[in-house]
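Participant: What follows is the residue order along each chain.
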Amino acid sequence: MSNLGVLLRIALTSLFSHKTKSLIVGSIMFFGTLLVVLGTGLLDAVELSMQKSITSSLAGHLQIHSSDAKDDLALFGGMAGPNADIGELDHFDEVKRVVEGVPNVKVAVPMGLGTAVANADSEIEIVLAKLRKAVREGQAEDVGPLKEQVRQILTAYSKELSNKEALVAATAELAEERSILDKATGEPFWADFDAHPVDSLEFLDTKAAPLLGDGRMMYFRFVGTDVPLFARSFDRFKIVRGEMVPAGQRGMLISQRMYDRMVKHPTARQFDEIHEAVTLTGRVIAQDTSLQERIERMSRQYGRILFQLRPDDARKLEAELGAMFPDKKGDLAKLLEAFLKVDDATLASRYRYFYDVMAPMLRLYAVDIGQDLTLRGFTRSGYMKSVNIKIYGTFAFDGLEGSDLAGGMNVVDMLTFRELYGQMTASQRAELKDLSASVARTDVGREEAEDAMFGGDDASEGLVGEMGAGDAGARAVLDKLQSGKLELANGGSSALPFIQEELDHGLALNVAVILDDPDRLDETRAAIVKAGQDAGLTLKVLDWQEASGLVGQFVVVVRLVLWVAILIIFTVALVIINNSMVMATMERTGEIGTMRALGAPRSFVVAMFLIETMVLGLGSGALGALAGAGVLAWLGSVGIPAGNEVVVFLFGGPHLYPAVGLSNMLSAVGIIVSVSLAATAYPSVLASNIQPVEAMRTQ
Amino acid sequence: MGPIVELKGVDKDYPLGKVTVRALRGVDLTIHKGEFTTIAGPSGSGKTTLLNLVGCVDVPTRGTVQVAGQETSKLNDRALTSLRLHHLGFIFQTFNLIGVLDVYQNVEFPLLLKGGMDKAARDRRVREIIEKVQLTEQLRQKPNELSGGQRQRVAIARALVAGPSIVLADEPTANLDSVTGGAIIDLMRDLNEKEHTTFIFSTHDHRVMEHARRRVRLEDGMIVDAGLADATPFPEAPAVEAAEASA
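Taken in order, these protein sequences are the chains called W and P.
Under the numbering used here, residues 2 to 700 are what the first sequence spells out, in order.
Under the numbering used here, residues 2 to 248 are what the second sequence spells out, in order.
Heads up, a few of these hints could be off.
From the structure, some residues in chain P lie toward chain W, with a derived Cβ separation under 7 Å [what the hints assert, rightly or not]:
1) Asp59
2) Val60
3) Thr62
4) Ala80
5) Thr82
6) Leu86
7) Phe91
8) Asn97
9) Ile99
10) Leu114
11) Leu188
12) Arg190
13) Leu192
Bear in mind the hints are in silico, worked out from the structure with no lab data behind them.
Treat the numbers as computed from the prediction; the structure is a model and nothing was measured.
Backbone N, C-alpha and C define an ideal beta-carbon position, used for all residues, glycine too.
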């Protein structure tokens, strides 16, 4: 042991007497350890936060789906796309009974993912619809202003077209557009309107309105579920606007994020985003060309405001904006364009003005809370299906309000989901049966199908032949089917209440399982698999990370990248340490030879070198680990702001608060010491091969 | 007393580029315990090679070298190291102190390697030998803070501290001024007399040779004078004055 003392002494003195070398190698070790502690600490924090985001927003701790699945379940999007085939669980209540019987399971929530679209009508379509209603109901006092609004929209568009005509070569289409607009904005047409309102409206609907483009298409990802149970089970869930879908009622909750991003008036949304960019992230418009471009784009879309203004609002706004921009007085389009062209000085006041004065004049959201929305989607078997559903409100997950991932999913009741999925209810099956009977449908086996349809020898015997003979009922159904307009239930299905048993005893695609103690996840997972097998159910049980799809793999990927970076740094460190130690060996040949001549065994020389690096590694590593812990602790107290919405999800909120992990520090020091020792192995063997006779040569 | 070093028919060849240098040729030499021997000869005559063989840092090409009763060419590295540690003390021409250790630590070093001594005993021994070489005041100084003579005295203290039976010195006075050199010779002669330590010096310094009881002379790798005829005790006259008179 007295050797260890002298070895340590030699190591320390040697480190101090070769300050530059020690400093360089020590710095590499210091930063290596710092990086490992910081990197692993941050990743652990992200993983923990992401786990919170995923488990508390949609996934739960475990996800169950049928083992008949063809694709992997990917709640937040994956390789198989939104219509991944994850199999079916025919009766949710069977799964629920089995799963909720397993210890540590708090609750099982039924789910089914799907996508649908809904249309937001264009501005002119909305006004025309109102006009048609006013005409039909004979409300003369409404007809006048609405007529004026339609004419105003068309006049504004006519001016835009004039600009276009000046720029592009004349074509037949352009000429036709011009003739339609001239007619629709001309005095004779409007003078004649009251005499022939239906014809006039038809012209406006079919000829004029389409020129202004279609309305917006809104795309909804949704999870069908037991809505009240979902809200109770995911503790971050909160209603933002409107109310909860009542138990036993069909209905939809739109995510507040989607409501603000997709349903909101596009100009308002763009204004929000620009305002956010400046106020939240401190960007300066004057120095930011991408912001300038966005503002330019927004200002060119003044039509989205103009077309929505009622005549009296338009006059009021023209007067107020005219005072703001005297040189553009009289032309509301130009005034709006000028108003929307904000800069750093005017942003705050105009944003306020927009919401205080202009927003109340506009239809700020394409779908209002409490209204019905027509969702259209393709069923699993590929035909088009549409469902009317009441929008009860909007919701968000606490802390994840800013995340598109957490906010990308909307919630509908399970029965509506099943309908959009293409599964029929008992009453729908009955209806279909009646329908089949009324068109004289026959069940035919595959083998006889050809004969049955086209007749055996005699063509007139087959179904097709019969239909050719003419069956008005069948033809009507066929036409409907072909045009995709057949709705097996009536369009107002959202009004139909249902009972809990209907929900529970039916189809679900996947089940979210929430645990009492998340730390016992693996154990509970195994117990559920076993319980499933015992009950004869073929279940696939995934943890939250596997179930979340690509997002869940994010941490794995980043961890991989981090370790590759660490590996590279340590390889560099290894080479540098090795090199400097080889140099040291050569420098110290005489000294080592002397030690050997004095009777120091080879092992002494090897130990001397190893201890020297170990002392340096431990010292620099400990300092690096402490520095890393210090940075983490500081970050943990101030929080790392999430730069964008994806990061909000990863951070589990607007800020990440990392914590210092002792195990991370110890393993970082362990790694650096091991790397240092590995780097010193070769030089130390080289040193131990120095012969004592070297001491005899002149130093 | 019996032989402590015995060389029989020793040849030592070194490859030097394409030629082989025959550093020693047919050397027979027996040195008894307690002898104070100098090995003299012109540069390149094989003095250092002979010391390396006796010092167990090298083995002969042909012939046998026995040190403290063991034949060195039959020993492996570990055994040779142990032999050096337990029987030999080295005083190098260029002192070869360990730069990162201070005077005390340099002297303590062989005792630490040897082990088997408690801290107090070790401390006593180190201080005792340092006192003998009169470096008590420089105890905590690093080699680079010492003069040449002081360094050589540290080297001597280090060579003697573990009580070796043979002390080998390669031109121990070559890098010293005459006064320092003389004092060092006195010190070693004193040790030789009191502790019967065997000293083998390579040197062409007349002052040193004058104090030797036996003067071996090498030329072209061969012993031309085994010095047996001149094996006289130390002259009674004060060594330093005599040396300086002859210089």
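Participant: Work down the list of hints and note, for each, if the structure agrees.
Facilitator: Against the structure, the hints:
For aspartate 59(P), the interface hint holds, the least distance from its beta-carbon to any beta-carbon of chain W being 5 Å, beneath 7 Å. Interface restraint check: valine 60(P) against chain W, minimum CB-CB distance 10 Å, threshold 7 Å, status violated. At about 14 Å, the closest approach between the beta carbon of threonine 62(P) and any beta carbon in chain W exceeds 7 Å, and the interface hint on this residue is violated. A least Cβ separation of about 11 Å between alanine 80(P) and chain W goes past the 7 Å threshold, and the interface hint is therefore violated.
Against a cut-off of 7 Å between C-beta atoms, the interface hint on threonine 82(P) holds, since the closest Cβ of chain W lies about 5 Å away. Hint status for leucine 86(P) relative to chain W: holds, with the closest Cβ pair at about 3 Å, below 7 Å. Taken as an interface hint, phenylalanine 91(P) checks out: its beta carbon lies about 5 Å from the nearest beta carbon of chain W, inside 7 Å. Contact between asparagine 97(P) and chain W, as hinted, is supported at the beta carbon level, the nearest pair being about 4 Å apart and thus within 7 Å.
For isoleucine 99(P), the shortest C-beta to C-beta distance to chain W is roughly 6 Å, which falls under 7 Å, so the interface hint holds. Interface hint at leucine 114(P): satisfied, since its Cβ lies 5 Å from the closest Cβ of chain W, which is below the 7 Å cut-off. Restraint check, leucine 188(P) versus chain W: the minimum CB separation of about 20 Å is more than 7 Å; hint violated. At its closest, the beta carbon of arginine 190(P) sits 23 Å from a beta carbon of chain W; the interface hint therefore is violated under the 7 Å criterion.
Residue-level restraint check for leucine 192(P) is violated (minimum Cβ-Cβ distance to chain W is 18 Å; threshold 7 Å).
Hint check: violations occur at hints 2, 3, 4, 11, 12, 13; the rest are consistent with the structure.
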